[in-house]
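Chemist: One-letter residues, chain by chain:
Number of protein chains: 2
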Amino acid sequence: MLSGENLQFLKNSLTFWDKLTKQQADYIVSNTSLLQYRQKEHIHSGIHDCIGVVVVKKGRLRNYILSDEGKEVTLFRLNSGEVSVLTASCAVESVNFDIQVDAEHDSDIFIIKPEVFKKLCAENIYVENYFFKTLASHFSDVMAAMEQILFLSFEKRLALFLINQSELDGCEYIRMTHESIANHMGSAREVVSRMLKYFQKEGIVELSRGDIGIINREKLERIAE
Amino acid sequence: MLSGENLQFLKNSLTFWDKLTKQQADYIVSNTSLLQYRQKEHIHSGIHDCIGVVVVKKGRLRNYILSDEGKEVTLFRLNSGEVSVLTASCAVESVNFDIQVDAEHDSDIFIIKPEVFKKLCAENIYVENYFFKTLASHFSDVMAAMEQILFLSFEKRLALFLINQSELDGCEYIRMTHESIANHMGSAREVVSRMLKYFQKEGIVELSRGDIGIINREKLERIAE
Numbered sequence: 007m008l009s010g011e012n013l014q015f016l017k018n019s020l021t022f023w024d025k026l027t028k029q030q031a032d033y034i035v036s037n038t039s040l041l042q043y044r045q046k047e048h049i050h051s052g053i054h055d056c057i058g059v060v061v062v063k064k065g066r067l068r069n070y071i072l073s074d075e076g077k078e079v080t081l082f083r084l085n086s087g088e089v090s091v092l093t094a095s096c097a098v099e100s101v102n103f104d105i106q107v108d109a110e111h112d113s114d115i116f117i118i119k120p121e122v123f124k125k126l127c128a129e130n131i132y133v134e135n136y137f138f139k140t141l142a143s144h145f146s147d148v149m150a151a152m153e154q155i156l157f158l159s160f161e162k163r164l165a166l167f168l169i170n171q172s173e174l175d176g177c178e179y180i181r182m183t184h185e186s187i188a189n190h191m192g193s194a195r196e197v198v199s200r201m202l203k204y205f206q207k208e209g210i211v212e213l214s215r216g217d218i219g220i221i222n223r224e225k226l227e228r229i230a231e
Numbered sequence: 007m008l009s010g011e012n013l014q015f016l017k018n019s020l021t022f023w024d025k026l027t028k029q030q031a032d033y034i035v036s037n038t039s040l041l042q043y044r045q046k047e048h049i050h051s052g053i054h055d056c057i058g059v060v061v062v063k064k065g066r067l068r069n070y071i072l073s074d075e076g077k078e079v080t081l082f083r084l085n086s087g088e089v090s091v092l093t094a095s096c097a098v099e100s101v102n103f104d105i106q107v108d109a110e111h112d113s114d115i116f117i118i119k120p121e122v123f124k125k126l127c128a129e130n131i132y133v134e135n136y137f138f139k140t141l142a143s144h145f146s147d148v149m150a151a152m153e154q155i156l157f158l159s160f161e162k163r164l165a166l167f168l169i170n171q172s173e174l175d176g177c178e179y180i181r182m183t184h185e186s187i188a189n190h191m192g193s194a195r196e197v198v199s200r201m202l203k204y205f206q207k208e209g210i211v212e213l214s215r216g217d218i219g220i221i222n223r224e225k226l227e228r229i230a231e
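Residue numbers (our numbering), protein chains in the order written: chain A, 7 to 231; chain B, 7 to 231.
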């Protein structure tokens, strides 16, 4: 059973809550789990998994695609208060692709069973609307990622990634391995290391064990423009 | 005003038609145009265009993204009876990316004004549902394109493209320039020409002015596997 604070968090995140009947709200509450995942732990793998609708309470989730050869490309990330419906794709027809979800940091997440959403989507137009609007916003995120990958130089993409990451973390020091940056970007570790070394030579970042420090943000932003 | 045959076509394509009130059906009919586009003619450019929901009567439409430098990548194509809602993105929130649409062949298309869909989505749950389901199926198409681009070798992608194209056209001879294949694939003409010459050397295709003939489909399919 969800505690008062957790219930309030869920109500704030699921903007259709006011439009639920008492019975529907109870139905969600009694079919929602609050789970803890450690950093890098795998949460969801593809369409056959279908764990349900995910609401991030704390932490950050990485949504990505994975090739047969193990190549990864990050599509978008979800932070506290954000919701993924792609993890409940079995609840709707017409979504037929595989998405992978990992905890990027230690994360607490609510998972609402997919059959709950399926039932409520059929009963309540506001729930269905919410589901599809969230889907549309994932679609927009994926298109943005795709345009970056296809149309921007690697230099620009890496600059954008570092800026974005330091904003997400609220810190000029990015604590990530080159390998994990490569996985986000669908690139190879060597390529990331080479470009970071170039940025270092240009006085834009400083590299130390496990850390990338942004020391000339203005220059980095000029590259990303 | 739409003729009987055209009206019937529209009814068959828009699967929510039976759920419309007489007034709603009339509202669509009186706000739908049937337009003809020549091969390669531009139909829709990005979010600020928002021409409306498109139903293909005859021909084929290419939906693609376009970089600032003019690089193109095809996301999906629409054939007779198929519908695009991305061309009516102003009718819904949460879709905020630009898509380009060209006529790939001479095409006859119905265009339903975006404000009609906006109004009917608000009034009629079946219309809204249809809108979002179609959006979800575009999303699935885009993910399939993205996975191909990111994860498959160019050789495999070109083999898949040729197979797919010959199936679409119902013909072993593909009448397309290397340039236009490159635009579909987000590649460069030289890269396409080089790989086609390799396929020719392997006895898979024969190349002549403006034509690519598949002469060993089995071998092509083995590459695409």
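Careful, some of the hints might be misleading.
[Stated by the list, open to error] Reference listing, derived: stretches of chain B covered by chain A, where coverage requires no fewer than 3 residues with Cβ under 8 angstroms from a Cβ of chain A:
#1 100-109
#2 123-137
#3 145-158
#4 209-215
Hint data in this document are derived by calculation from the structure and do not stem from the laboratory. Because the structure is a prediction, the values reported are computed rather than measured. We put the CB at the ideal spot given by N, CA and C, even for glycine.
Chemist: If a hint holds in the structure, say so; if it doesn't, say that too.
Modeler: Outcome of the hint check:
1. 100-109: holds (count 4)
2. 123-137: It holds, with 3 qualifying residues against the three required.
3. 145-158: With 10 residues in contact (Cβ-Cβ under 8 angstroms with chain A), the coverage given for the region 145-158 of chain B holds.
4. 209-215: violated (count 0)
Hint 4 alone, counting from the list given before, is not met by this structure.
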